[in-house]
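There are 2 protein chains.
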Amino acid sequence: MTVAIIPVPGVPMVRPGDDLAAQLGDAIEAARVGVKPHDVIVVCQKVVSKAEGAVVDLKDVEPSAFAKQLAARSTMEKDARAYEVVLQETSRIVRMDRGHVIVETRHGWVCANAGVDESNGLGPGVLTLLPRDADASAEGLRSRLAERFGVELAVIVTDTFGRPWREGLVEVAIGCAGMDPLLDLRGRGDLHGKELHHTVVALADELAAAAGLVMEKDSGVALAIVRGVRYAPGTEGAAARLARKPEFDLFR
Amino acid sequence: MTVAIIPVPGVPMVRPGDDLAAQLGDAIEAARVGVKPHDVIVVCQKVVSKAEGAVVDLKDVEPSAFAKQLAARSTMEKDARAYEVVLQETSRIVRMDRGHVIVETRHGWVCANAGVDESNGLGPGVLTLLPRDADASAEGLRSRLAERFGVELAVIVTDTFGRPWREGLVEVAIGCAGMDPLLDLRGRGDLHGKELHHTVVALADELAAAAGLVMEKDSGVALAIVRGVRYAPGTEGAAARLARKPEFDLFR
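So the sequences go chain by chain: A and B. With our numbering applied, the first sequence corresponds to residues 1 to 252, in that order. With our numbering applied, the second sequence corresponds to residues 1 to 252, in that order.
By construction, these hints were calculated from the structure, which means they are not laboratory data. Careful: at least some of the hints might be erroneous.
Only pairs whose alpha carbons sit at most 27 Å apart, straight line, appear in this in silico DSSO-like list of lysine-lysine [claimed, not checked]:
#	chain 1	residue 1	chain 2	residue 2
1	B	K59	B	K36
2	A	K245	B	K59
3	A	K78	B	K245
4	A	K68	A	K78
5	A	K59	A	K36
6	B	K78	B	K68
Short, incomplete list of chain A residues facing chain B, as computed with Cβ under 7 Å [as the list claims (entries may be wrong)]:
#	residue
7	L87
8	I93
9	W165
10	A240
11	L242
Heads up, the beta-carbon is just placed ideally off N, CA and C, and yes, glycines get one too.
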């Protein structure tokens, strides 16, 4: 079955306190793309963070001594207060070199700068943080949009992450509701009856990357619908299951 | 613009020496999905490796002392000769623990087991290797398919890789022809005229992951067409550019 990745333009400039579910629903209606059963609604982290007020104004930040040291050693002319914000979102530093800071966030994600980013739209010096609980954000959007459109659907919140050993960024899932983010094929036979081993697909990450194809980073498309993908029902704290547990992590 | 990810069933059981370009073209014709200008033809590594004869029969392998040690320490009941095949494809071992072997391959990819896999279809004890030069494989398929269908197109060869810190596998690009695998947005303004920094998208990997949505690992779909994605023209050795150079690698 062909999968369609449908960009949904028209999400307005989101500000803290906005009703994002209503804004996304309005954009979907205006785009006249409809919502069909089992659609996956993909929304980028930045608008979720803005709506939830997960933003920090650098003028309210006092850098620690460590943040000042990082800024002094950076080759990137980055504000010590920005490093301070990153450190406040960090539970563990994974790599630190030439101003690059790869950390494990409070949420358990390993990424650059703890997901802290320039806000693009809330004024200079305002940074976005990752949503406090992006699975809960996804669930909130899912229940509102499912009610509005009268169909079962899933919601994925994405962010743009780098990867070790590979150039370029890709969209990944940091929040998920209404679907199992992992597709477990272990034990299923392939075409020839041979048992497949150890194959668990990161379905939510493949969906996020697919949505990334239409959410070009400079096009202002913060919302996409992926239509035609089968998935298993979701549980609470779905995307959190994509974060590998330390005891299974060879790269800790 | 909506992107379509079109599964193309009907690729036969590929065997060493087969004319894969003809087989893929026949499957596309039989599926009546056509080929449109700038389609991206995505094909999984395993059929490429089989057609090119990048396979090894374990009965022809003599395990080294090191391979035997690995097998003895493994918790996975893996044949010492299989470890020997992995080591022969390896230029550097990145992590080795409890039978898991994450390596840098001769081609420069960091992945589990050097991309060596059970062949599913060539008989028990036959393993597939990664194509010797998957960019060249992609270019060979691209030129043949472009000629057959009379349109410009791109070809991506994918494999299924794990990732540090995240559960589940995703499809990534290991070969690419006809398109730039990286989408460089640096310096482009966003909606609000603010310059975007450091944003290079791994477009070929997002395309591979998107194709993964229809190339389910147990469905026997080895071929997909992604339609509606804009990309820049390609160069030789395209996917090789996705392998991060050691001097920029924080995880070496």
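Taking the hints in turn, this is what the structure says about them:
no.: 1; hint: B:K59 / B:K36; in the structure: violated, 45 Å
no.: 2; hint: A:K245 / B:K59; in the structure: violated, 38 Å
no.: 3; hint: A:K78 / B:K245; in the structure: holds, 24 Å
no.: 4; hint: A:K68 / A:K78; in the structure: holds, 10 Å
no.: 5; hint: A:K59 / A:K36; in the structure: violated, 45 Å
no.: 6; hint: B:K78 / B:K68; in the structure: holds, 10 Å
no.: 7; hint: L87; in the structure: violated, 18 Å
no.: 8; hint: I93; in the structure: violated, 12 Å
no.: 9; hint: W165; in the structure: holds, 4 Å
no.: 10; hint: A240; in the structure: violated, 10 Å
no.: 11; hint: L242; in the structure: holds, 5 Å
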